[in-house]
Amino acid sequence: MSKKRILLVDDEPALTRMLRLNLEQTGRFEVREENRGTNALRAAREFQPDLIFLDVMMPDIGGDEVAEQLKQDPALSKIKYAFLTAIVTKRETGTGAAEISGETFLAKPVKRDELLAVVDELLDE
Amino acid sequence: MRPGNRDNREESVAVIGMNDAPTRPASIQAQTTAAQRRASEPAQPPCVLLVDDIPANLRVLYESLNGRDYRLLVANGGAQALEIAQRSRPDLMLLDIMMPDMDGFEVCRRLKQDAGTADVAVIFLSALDEAADKIHGLELGAVDYVTKPFHPEEVAARVEAHCKILRLERELGQRNRQLELVRDRILHSMVEAVVGLDAVGRVSFVNPAAERLFGLAAEHLLTRDLSDWEPTALRETAQRVLAERRELSLDEVALPRPDGSTLPVELRAAPIADAADTAGVVLVLRDLSERRRVEAKLHRTSDELHRSHRELQAAQMQLVQAAKLESVGRLAAGVAHEVKNPLAIVQLGLDYLEQVASFDDVSAQVLADMQQALSRADTVVRGLLDFSRERDLDLKPCAVNEAIQNSLQLVRHELTQRNIAVRTSLAEAVPERPFDIDKLQQVFLNLFMNAMHAMERDGTLSIRSSFTALAGNELGPHARDAGFLPSDRVIRVAIEDTGPGIDPEDLGRLFDPYFTTKRQGEGTGLGLSVTRNIVTLHGGSIDLENRPEGGARALLLFHPEFARAEALSRPSEATLRARTARLRSANR
Ligand SMILES: Nc1ncnc2c1ncn2[C@@H]1O[C@H](COP(=O)(O)OP(=O)(O)O)[C@@H](O)[C@H]1O
Ligand SMILES: [Mg+2]
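The listed protein sequences correspond, in order, to chains B and D. When we follow the working numbering, the leftmost residue of the first sequence carries the number 139, and every step to the right adds one. When we follow the working numbering, the leftmost residue of the second sequence carries the number 636, and every step to the right adds one.
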């Protein structure tokens, strides 16, 4: 079974690195980091990920806008994505990811176990 | 004429029977009617009584006056003269002095003694030409003197002069009576009580208002003298005015009344001096109880105004407070957001290290402590965010109308002062649903104040609420974001003003925090952002637009149902949008 591909979009390089290290450490995922929101779409086209984690608050473009563009692009519209963001709290999401007005949200800061559980859940569907 | 017949009283008295010239009485008669026709003149021609014991003299007198506008009577002696005078009350008497039965002086004296005849003007006729007699006659009250032999013209001229004087006197008297009547009427209709005191302080007149004020009939009041007056201040004031002859007043005295009550009364006391220079005092008293009542009412009204002003101030404080909280919250949200990324990095870093390395007991303990510290930091930051976001709404079922009315109450006074009319049309059919009514009132207060500030002075603030199907053209940008759809059943509130409206360039930024077009100190620019925040928390929407007919319109929409759980645990899309918008604006 080939490794699932995960694209991480966040303007904070240290965060994408930590996420990548934790994911790769399992040996089950191939991970790519992208720290510029405006590059997210191109990265997705090139990398063809199975799952994208999107930050919402980024200086150049909002994660919500990136998600809109993904949905508009026929080549990318099938890709699963989740917002990994500080704009929601754990009180709102509970443990793990939560569906809020049709989108999947994961609250920062996320723990490794939590992250892996969410990834499995999203890729399982 | 038979003046010689002294016994024939009828003939000598009656003008008609007098003389053998039958035409004369008729002419007198005619003159009388002519005189009567002159409305302003006294109706009767002057009546002149001619008194002489010598018929020839009477005839001369008669002839000199006949044919003029007089009613002439004759008497041939003193006794007869008095009799006729009593019966016919002549205006003037030409009185011979030397008469056998009773001399003219005696006639005059008796005339003047009798009140009924005292005002008959007497002109003495006499051959006597001595100063002493003239003086005696004038002392007796005569008005003039004619010496014999007399010239008819002189007699006529004197009689005429005196008749004129009499007429003038009479007119003067009449005018005086009229003036007195007017004065009485004025005194009668005055609301102030007027009491006249004579020189020794006895009551000489009172008007009806005085009777009412003192609670006593005039006849009781008129028996009073100064020592009867209560209270002492009233008495002393009257005494001082009598003594010092100058005006004094008392702002308020408590006047005791027969029923045991007292009336607050204002007193003015002025000295009076009538023609005879007899001193007196006039007291003018005004009942102050009505004024006190009005003043008390004014006090109450001004108390109410003060209270409503305080309430408005309190409400404004609340708004400012809410705005401050909002800005603190905004700051907290910004900080929390900034802190969360480093927290996430540390969290995942630690997790990673725990995975890839093996640690001795001490190092493992270090890692565990760090994990715990992280979790504590996360809790703190989360608390900061919770505080800045959906602070708990105190939800209770209520209708928007109630909040509108309450908020309106707070600005009503200021609206009145600015001459801004309020037109409300609040539909009764608007259903109740859960609202935090305090917060909702803040919303309306913000909107009313903005409308008021926009209009400054004059204009109309109109507020309409309804429960209706949403028209597609009423979907503003926020309404769309908040998920309202055309033909949704909505609670709709429109707030319209007749101010200058909104600069189209500003339309997109009105709800941005700190956006204001008002001068420093007059606007915080937080009103609309707080307002939208509150509305959003209630699942509603608010849009502001310019009205085609001028002025601005705020349109608020709320769903008729609202689930609390939804509001608290899962943020709506609009809430998330609002959050990101806020964070972005804070970063800018
Ligand atoms: N009814 C209105 N008519 C015209 N302009 C308005 C009206 N309401 C709000 N505004 C504009 O929106 C701005 C922001 O309003 P707000 O957020 O309440 O802050 P503030 O009232 O403190 O300025 C105001 O400064 C004003 O320019
Ligand atoms: Mg305002």
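Just so you know, not all the hints are guaranteed correct.
Here chain D is said to cover these stretches of chain B; the calculated rule only asks that three of the stretch's residues, wherever they fall, bring their Cβ under 8 Å from a Cβ of chain D [stated by the list, open to error]: (1) 153-165; (2) 194-208; (3) 225-235; (4) 240-251.
Calculated directly from the structure, the hints in this document are not laboratory data. Positions of the beta carbon are idealized from the N, C-alpha and C atoms, including for glycine.
Evaluation of the provided hints:
Interface restraint, the segment 153-165 of chain B with chain D: holds (6 residues with C-beta to C-beta distance below 8 Å; minimum three). Only when three residues or more bring their CB closer than 8 Å to a CB of chain D does the claim for the segment 194-208 of chain B stand; here the count is 5, and the claim holds. For the segment 225-235 of chain B, the assignment as covered by chain D holds, since 6 residues bring a beta-carbon within under 8 Å of that chain's beta-carbons and 3 suffice. With 7 residues having a Cβ less than 8 Å from any Cβ of chain D, the segment 240-251 of chain B passes the three-residue criterion, so the hint holds.
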